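> Here the protein sequences come in this chain order: A and B. So the mapping is simple: my numbering equals the position in the first sequence, first residue as 1, plus 5. So the mapping is simple: my numbering equals the position in the second sequence, first residue as 1, plus 2.
Please keep in mind that the hints were generated in silico from the structure rather than gathered at the bench. Since the structure is predicted, the reported quantities are computational estimates derived from the model, not experimental observations. It cannot be assumed that every hint is accurate.
What the hints assert, rightly or not - Cβ-Cβ distance ranges computed for the label pairs, FRET-style:
no., chain 1, residue 1, chain 2, residue 2, range
1, A, 119, B, 59, 36 to 42 angstroms
2, A, 70, B, 10, 28 to 34 angstroms
3, B, 21, A, 72, 32 to 38 angstroms
4, A, 117, B, 110, 30 to 36 angstroms
5, A, 139, B, 6, 19 to 25 angstroms
6, A, 42, B, 54, 37 to 43 angstroms
7, A, 32, B, 57, 25 to 31 angstroms
8, B, 20, A, 77, 31 to 37 angstroms
Each residue gets a CB set at the ideal place from its N, CA and C atoms; glycine is no exception.
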Amino acid sequence: MVRVTRNYQFSASHRLYLAHLSEEENQKLFGKCANPHGHGHNYTLAVTVEGPIDPRTGLAVNPFALDKLVHGHVLGRIDHSYLNEDVEELRGVPATTENLASFARQALAAAWPADFPALAHIGVRETKRNVIELPVIPQKV
Amino acid sequence: MYISRRAEFSASHVCRSVELSAEENLSLYGPGANANGHGHNYVVEVTLSGTPDPTTGMIYDLKDLKDIMHSEVVDPMDHRHLNFEVPPFDKVVPTTENLTLEIWRRLEPHFKQGPARLHCVRLYETEDTYVDYYGK
């Protein structure tokens with residue numbers, strides 16, 4: 006078994022705040038991420054699959070089929086968007102990197118073809134200093 | 003505890019299988035199947051597992067790891083055409099998956115005994131694509 010990871014770049018804006026909290030409480034919880042007009046990042050989404058190498062092709066996954074899936078079901082919905090408003094699943098929840106990773110996992114899992122190797126891990130990097138790791142299946146070693 | 007070291011090598015290859023049709027080769031490997039090949043700056047990350055020696059404080063001598071990585075991987079592969087110059091890629095398609103496996107096979111015998119075991123080989127074909135192999 007090998008794990009194959011591909012990174013994808015996307016750009017989006019968001020604002021971290023909770024509607025039921027005061028402006029002061031939001032600032033305390035989310036800091037400058039709660040500034041009223043939002044802000045943006047260049048994110049990196051890392052998608053990892055795990056499976057055996059097909060002896061005929063030498064590949065564990067067709068990279069172009071994986072790209073198509075990720076573009077069609079995740080990137081196409083979030084790239085150059087305002088996450089709080091434009092992504093239905095993120096409406097009403099803070100558009101944190103954690104929730105963004107969960108959204109990516111759910112969107113991919115719902116569309117995952119039966120003949121693909123297993124979706125093993127999702128990573129979302131917000132900045133050079135912030136990365137969220139979301140294991141989908143435990144590493145076997 | 004784990005310790006990792008990375009090294010870089012540059013090589014050319016072509017991903018094309020004689021068992022597949024031209025259409026299948028194109029759909030699986032894309033421009034990677036172009037007949038005259040192309041190249042990458044590969045980065046290999048080797049991770050060992052072990053316990054720090056109470057005297058030296060080290061899991062494994064990193065200079066020794068560097069020497070093994072160079073003699074088994076970098077020296078035979080750097081500035082080479084994998085298909086023509088690095089067996090078994092005269093017969094096996096040099097995908098990142100197969101190259102990761104081959105690097106594991108070359109390194110693993112060095113860590114069967116002694117203070118550390120080979121834990122993982124990670125091979126970056128580009129900054130955005132890599133394969134991890136843990137030996138099973």
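> All hints are to be evaluated individually against the structure, with a verdict given for each.
Hint-by-hint comparison with the structure:
no., hint, in the structure
1, A/119 - B/59: 36 to 42 angstroms, "50 angstroms, violated"
2, A/70 - B/10: 28 to 34 angstroms, "29 angstroms, holds"
3, B/21 - A/72: 32 to 38 angstroms, "24 angstroms, violated"
4, A/117 - B/110: 30 to 36 angstroms, "32 angstroms, holds"
5, A/139 - B/6: 19 to 25 angstroms, "22 angstroms, holds"
6, A/42 - B/54: 37 to 43 angstroms, "51 angstroms, violated"
7, A/32 - B/57: 25 to 31 angstroms, "52 angstroms, violated"
8, B/20 - A/77: 31 to 37 angstroms, "32 angstroms, holds"
Hint compliance for this structure: hints 1, 3, 6 and 7 are not met, and every other hint is.
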